[in-house]
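Quick note, the sequences are listed as chains F and R, same order. The first sequence begins at 13 in this note's numbering and counts up by one. The second sequence begins at 264 in this note's numbering and counts up by one.
In case anyone wonders, no lab produced these hints; they're calculated from the structure. If a hint is listed, it holds; no wrong ones were tucked in.
Using C-beta positions, here's what the derived DEER-type ranges look like:
{"hint": "1", "chain 1": "R", "residue 1": "Glu495", "chain 2": "F", "residue 2": "Ser204", "range": "44 to 50 Å"}
{"hint": "2", "chain 1": "R", "residue 1": "Leu409", "chain 2": "F", "residue 2": "Ala334", "range": "35 to 41 Å"}
{"hint": "3", "chain 1": "R", "residue 1": "Ser379", "chain 2": "F", "residue 2": "Val335", "range": "24 to 30 Å"}
{"hint": "4", "chain 1": "F", "residue 1": "Val119", "chain 2": "R", "residue 2": "Pro439", "range": "32 to 38 Å"}
{"hint": "5", "chain 1": "R", "residue 1": "Ser408", "chain 2": "F", "residue 2": "Arg288", "range": "32 to 38 Å"}
{"hint": "6", "chain 1": "F", "residue 1": "Leu324", "chain 2": "R", "residue 2": "Arg457", "range": "53 to 59 Å"}
Residues from chain F shown here face chain R by an in silico Cβ test under 7 Å; the list is partial:
{"hint": "7", "residue": "Ser204"}
{"hint": "8", "residue": "Leu208"}
{"hint": "9", "residue": "Gln215"}
{"hint": "10", "residue": "Trp275"}
{"hint": "11", "residue": "Thr280"}
{"hint": "12", "residue": "Gly348"}
Residues of chain R clear of chain F, computed beta-carbon distances all greater than 12 Å:
{"hint": "13", "residue": "Gln290"}
{"hint": "14", "residue": "Arg457"}
{"hint": "15", "residue": "Val469"}
{"hint": "16", "residue": "Tyr473"}
{"hint": "17", "residue": "Val478"}
{"hint": "18", "residue": "Glu506"}
Glycine is no exception: its CB is placed at the ideal position from the N, C-alpha and C atoms.
Residues per chain are reported as follows:
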Amino acid sequence: MQTDSSLPAGIPRWAARRPQVTAAVLRWRNAYRRNGARLVLVVLLTLLAACGLAEIPTTGLILDWLGRNVIVTVLVATCLFVLSTSRRRERAAAEAANSWLSPLPAVSPVSLTVMWGTAVRLLLVFAFVALACLLRRVDATAAWRLALALIGGAVLGSLAGRQLRRGAGDGAPGFHYATVRRARARWATRPSLLPLAYWPAAQGRIFSRPKVLSRAAFTALLTLPMGTPGQVALAIAAAAIALVSVASLSLAAVRVAFEAAPWLAPTTLRRARFTRAMVWRVIMTQALAMAVMVFLACAIDLPKALRPGVGLAVGLLIVSLAVAAVACAWACRRAGLGAEFRGASSEGRLAA
Amino acid sequence: MPPDPTAVPNASAALQVSGLHAGYGKQIVLSGLDLEISRGEWLALLGPNASGKTTLLHCIAGMLVPSAGSISICGRSLRQDALGAKRQLGFGCAPERLPGLLTGRQCLEVYAAAKSLDAIDADVLDLADAFAFTVMLDRFVASYSLGTKQKLAVLLALLGEPALVVLDEAFNGLDPASALVLKRHLRARVSAGRCGVLLATHALDVVERYSDRAVLLLGGRIARQWSREQLEALRAMPGEGLEAALAAASAAS
Chain F
13 MQTDSSLPAG IPRWAARRPQ VTAAVLRWRN AYRRNGARLV LVVLLTLLAA CGLAEIPTTG
73 LILDWLGRNV IVTVLVATCL FVLSTSRRRE RAAAEAANSW LSPLPAVSPV SLTVMWGTAV
133 RLLLVFAFVA LACLLRRVDA TAAWRLALAL IGGAVLGSLA GRQLRRGAGD GAPGFHYATV
193 RRARARWATR PSLLPLAYWP AAQGRIFSRP KVLSRAAFTA LLTLPMGTPG QVALAIAAAA
253 IALVSVASLS LAAVRVAFEA APWLAPTTLR RARFTRAMVW RVIMTQALAM AVMVFLACAI
313 DLPKALRPGV GLAVGLLIVS LAVAAVACAW ACRRAGLGAE FRGASSEGRL AA
Chain R
264 MPPDPTAVPN ASAALQVSGL HAGYGKQIVL SGLDLEISRG EWLALLGPNA SGKTTLLHCI
324 AGMLVPSAGS ISICGRSLRQ DALGAKRQLG FGCAPERLPG LLTGRQCLEV YAAAKSLDAI
384 DADVLDLADA FAFTVMLDRF VASYSLGTKQ KLAVLLALLG EPALVVLDEA FNGLDPASAL
444 VLKRHLRARV SAGRCGVLLA THALDVVERY SDRAVLLLGG RIARQWSREQ LEALRAMPGE
504 GLEAALAAAS AAS
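Just chain F, same shape as in the assembly (with noise of 0.2 Å):
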């Protein structure tokens, strides 16, 4: 293979016009010489995985299904590249615009990005369709026919998904999923902290976007034995999204904390105003998220799931407000925020 002295070793001559090919490769090798033996742990566990996906007999049925009914097929994946197609678009126009290598005079790595996408996809499809064909779990002609619906969803998917106008918001990843709360065209009538409250809410909606949580009721759902009646199935997938709803917020009061209290710290704000600002909204919200699940619970005629609900909401709410208050302090102490940490900390490390 040719190639351009300039380039590290073993980077051919043609990446030289598309860096981010070459720092692509260069990344995923450093990752390989720093972390080899766990990468290959990695792949060897989701081999393991797939195989033991592979053989179970309703994938089978689930794949043969597919693979006689080609329309059907080409219809969902033409969908699923539409929408993975016009979604890798907009993430790699934002990175690429942000990226360090945007500078270059380089072609634009969009395409190339979304094709290489596309791509990895297919071809992990076709492994797992191969390996399930190898393990006797679907005959040679419907997989066939399944790889060659699959090679038409994509075709099609990913030419419509590039024409596919999606909003996107400027400034930070997911950000637009918050709202500008309480815009006002004059100021309070008294500073106070009650904004610094509507933080952690908003980072628990970017965290809890419909996309996570269609993901988790999605997963939820498929858990589900066949022959669970419909209003169990709505109740366990509301419970799952409310779920993920909670413990989004928890993650978001966690992440904020560490964030708010650095910004803070050269303020003469006490800790447990900050904690105070920090947590109540987010339990709010969380209360409010449980409530509408145990109400769902009892409107949907499920006795049974309402008394453990309540004590698994009461719960869940007592190890949020945990969790958050020690996050809290936690940040307070790491940032030197608040009068009593800062004293300790300096006698600690004065006396150490």
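Guided by the hints, dock chain R onto chain F, whose structure is given.
Positioned in the frame of chain F, the structure of chain R alone reads:
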């Protein structure tokens, strides 16, 4: 030599740093640094990259715990009376540390509430107007440009009439008009004796024209100082000036 813990800090000084040692883990950044700024004085902190300027500012803001030494703001020890010391401090945080998911107005209100103010200072609102920042007040900080974030960081630092204003590269990203507004505003505050300013910067024109004193930080210590008269003399030298003096001082060290 460790500082005498019984020593009474100079209450008239806006900032008094003595025998300061600080670092990150085993890496020592500041070793035995002494510094004093009085009210009505603008001190420029100069030094090459990684010389410890930001570390010193973080120690003064209470964001980094020094391993030894003392810091007093208006006579209040940051170690023994952290709240009292911080009440006198206005610190301009790095623009990337501003909360992306709050609006500019919310940031100002949170800071004002954290400093227990009854209202946002009229002075700061006037400066926001002069910065043409008012139209950005109700937008998320995440959508701000670097210069706009810098303006917000400066406004936050000036809230509550602090006796000591500490700014780190505050002119980075500011357009020339806004930079001029800020220089004049800080100079007016300093000249009126309302505060002392500690500005870490590489902008030598600001140092030559606006500061009262400049210090060069090298190897965790102050290697050289310039008084106002010396700075004016350097400004008057054709083709030379502070840039050459800095290079000479760095080479000599």
